[in-house]
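Line by line, the protein sequences give chains L and C.
Heads up: the first sequence is residues 1 to 505, going by our numbering.
Heads up: the second sequence is residues 1 to 505, going by our numbering.
A portion of the hints provided could be inaccurate.
All copies of an identical chain are treated as equivalent in the list; a pair is satisfied when it fits inside any one copy or across any two copies.
Below 20 Å or equal to it, Euclidean Cα-Cα: the simulated PhoX-like pairs (lysine-lysine) are [what the hints assert, rightly or not]: (1) Lys430 x Lys339; (2) Lys67 x Lys26; (3) Lys339 x Lys67; (4) Lys210 x Lys400; (5) Lys26 x Lys384; (6) Lys418 x Lys384; (7) Lys236 x Lys92.
Since the hints were derived computationally from the structure, they do not count as laboratory data.
Number of protein chains: 2
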Amino acid sequence: MGNQAKTAITPTRDEDYPGWYQEVIKASDLAENSPVRGCMVIKPWGYALWENIRSVLDDMFKQTGVKNAYFPLFIPKRFLEKEAEHVEGFAKECAVVTHHRLEEGPEGSLVPAGPLEEPLVVRPTSETIIGESFSRWVTSYRDLPLLINQWCNVVRWERRTRIFLRTSEFLWQEGHTAHSNPQEAMERTLQMLDIYARLSEDYLAIPVIKGEKTASERFPGAVNTFTVEAMMQDRKALQAGTSHFLGQNFATASGIKYQSAQGKEEYAWTTSWGVSTRLIGAIIMTHADDNGLVLPPKITSAHVVLMPIVKKPEHKNMVADYTDKLARELRGICYHDRKLVIEIDDRETGARGWDWIKKGIPVRLEIGPREIANGSVVVGRRDKGPREKESMRRNEFVKKICSILDEIQGNLFSRASKLRQANSVHIDSKDAFYDFFTPENLKKPEIHGGFAYAHWCGSERCEEKIKEDLGVTIRCIPLTGEKEQGECLVCGSASDKRVLFAKAY
Amino acid sequence: MGNQAKTAITPTRDEDYPGWYQEVIKASDLAENSPVRGCMVIKPWGYALWENIRSVLDDMFKQTGVKNAYFPLFIPKRFLEKEAEHVEGFAKECAVVTHHRLEEGPEGSLVPAGPLEEPLVVRPTSETIIGESFSRWVTSYRDLPLLINQWCNVVRWERRTRIFLRTSEFLWQEGHTAHSNPQEAMERTLQMLDIYARLSEDYLAIPVIKGEKTASERFPGAVNTFTVEAMMQDRKALQAGTSHFLGQNFATASGIKYQSAQGKEEYAWTTSWGVSTRLIGAIIMTHADDNGLVLPPKITSAHVVLMPIVKKPEHKNMVADYTDKLARELRGICYHDRKLVIEIDDRETGARGWDWIKKGIPVRLEIGPREIANGSVVVGRRDKGPREKESMRRNEFVKKICSILDEIQGNLFSRASKLRQANSVHIDSKDAFYDFFTPENLKKPEIHGGFAYAHWCGSERCEEKIKEDLGVTIRCIPLTGEKEQGECLVCGSASDKRVLFAKAY
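Turn these sequences into a full structure, and let the hints steer you where they fit.
Laid out in structure tokens, this is it:
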């Protein structure tokens, strides 16, 4: 292999996409699998991403009047028995607490003891337990709307897990609102979907398609489920956030009733909406390359790393002073409402630069005696090649750092948009559709077709047929798609709008 | 009862302190008990306090080089079997997950199914599971110190619970660090204790005594446990934060080993430290009065409430405009690194002012046509009487709001300090000591003695005797107490330092 072709990550995306994904996470030190089945340990470099996402979203939520609260981790079994469809979706695989003690058993072992009268489920989502609180908090139309969000951990006992994308425990936010009429509840549902789209596009630099899920992909118990869908580099879709209009289903199951202005007792209209640590998986699969992670500046764990170069011991103090002073100055700069996070890496190892490339930090600075003499810095950017470095006046760099970061942010978004553009097609024949998604027809084994906009009659049968044949699902019925007469790909019946088909995570 | 004596909270502190505590929480809308045994729902007004505490602490942690991470909720049973003393302390009462599914049973019921091969415990604290990660992260002395913190929920199956003070599930932070020598680990232990003292005194306005726990009150498995202890208004002590020096105990149990600079394999020295939502209980019991909650401005859920007064419909718009403009202006002001949080309450109810007094907001403003005509506002402060209001020029108020808040913050701290001062005694005879803590000798039934500094020989027997007789424990051996020769209160043996005795939460 020539020098040109060497990459920091093995395997590359082309060679083995899932293997590449695991390797990027390991090389960037984002997270690791834990000894607890399906659970992950989110390491500092990964957790900082979640903190930044949380901070951005939390501000957006609060600006729309949402307040944070915290509800119990445990849900009594009887709560899940109330809403049949919801149970169907969630009670299946979940962590069940049955005892409240461990007692000493044989040979220093511990055995469960103190059986509970009623088993408790570790929340897979909190509709039922929050519904119980809402039923007490809401009595009059004056109590509505009620706009609550919670940041917490949830558990779903997944059979097959993949770090960040599908883990038994994950972190998320779940918003829950109650309203006095369906219009307002639907507006809220779509307003939160817009916030998720803004988070994805403006902060994570991930272009998304907003749309509605078909009945088969709806949240259990919801009337409508809306989604933002993103294309990963293997052309598969990833659901980056969902917002549900729950009608009066959960209000009826939980007894969320209010007296209307006319003195009539009515059930409230509720919504719920959430995003999770899965977004970190989306960031990786959208931006990372064969040299490792690439982090969008607006939510990156750190913006700039300073690498002092000391070749002679007598230069050490001078270089350290220069570096510290620059770091202090940079740390005083605000970039999109957040102080710049600056790392100093003074390890004396040749692997240093590559370590930071693999971690995806937007900007790397090299500072040695020559730079100090010139009043300059050597700048490497993660949106450019690893060897493509530029010398800049130190003060010019300080002045320009925010616009450099904005440029990187913009480049990541435009690169992702181009990939999506290049792999989105309108398809009108069944044969072409099957060709598009059939592996042997694809250029590379790790590529899964793309986004196919095609006509669909609306029947679950046709949807199911494609899923069975190709493993392709309707990701959403786009909100912005234009009306257009056509024929269902499978059965030929009339259709008036294209829907978005893709393989999905 | 005369008008003078009426209070917003019934019962008062004097009448029934525990009843008053519950009532303050209810009247201020901080939190409520949930249908899940021992778990609470933290409502928005209470959760905001936790968010603010988190933000203050998180900044302080990060300034000392600590990074946040996230570890699994579940701990495999075998992990708890490793550290015997720790298990003794924690495995006793905990939530045990034994199944991973609910299946349909008779008559629409759900029954646990899918038994786990190994039961999982919901973390009561994460030493064992974090230890497992540390054992993989640490290989060389270059990896040390390792400074990690986690914000999360934990569960301890408490028999008797009291909201915020002792709940089965609570929110907390737990810091875990590993070091290459005991001195550095001990310095870190005390550094974090200092941070807790700063949080308590400078932000929560709660004066604390820093000290070390006796062996009987130590964290299970720790070598030394340090604490900050605060006096509540019923004169009982509340432990507001603890920091543990774990020696090599957990490192040995978890296998946290490193190669020293000399090439020798050594076990690391570890620490852990935490504060929890219990602090909200401490805020209530330190500052609240018979009219409800009183919030320290630096961590209050909101700083100022604006109450527009509209008596004639034609004034409504004018008053609303004036109020909105003032709110916007105030929201632009930064108070101790946080934008002022301003509430507008335009409900047309006479209970409005009292509602905000009960919620403990630091400053209330009344704004009606008369104030608008005068360019003034009527200011009520929570550190003064509910009827003690002052008229101020509007612009003067805007200019002074931060110093008003600082004044309130200072007054709360000084009031709490005076109470502690007035109820702290040096006692040298057993009789006087027993008198001090005997209910029939106390002025009021809801008062529990106070802080008694007395000599103690160091034996567990004498400590236990006092606990059995009076329910009084050694809260800590103060770090700052002077050496002083004396005789143990119980056995008369020599002692060279006073320790702090009190009844405790």
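The hints, checked one at a time:
no.: 1; hint: Lys430 x Lys339; in the structure: neither (53 Å within a copy, 58 Å between copies)
no.: 2; hint: Lys67 x Lys26; in the structure: between (36 Å within a copy, 18 Å between copies)
no.: 3; hint: Lys339 x Lys67; in the structure: between (25 Å within a copy, 16 Å between copies)
no.: 4; hint: Lys210 x Lys400; in the structure: neither (34 Å within a copy, 47 Å between copies)
no.: 5; hint: Lys26 x Lys384; in the structure: neither (22 Å within a copy, 58 Å between copies)
no.: 6; hint: Lys418 x Lys384; in the structure: within (17 Å within a copy, 63 Å between copies)
no.: 7; hint: Lys236 x Lys92; in the structure: neither (27 Å within a copy, 47 Å between copies)
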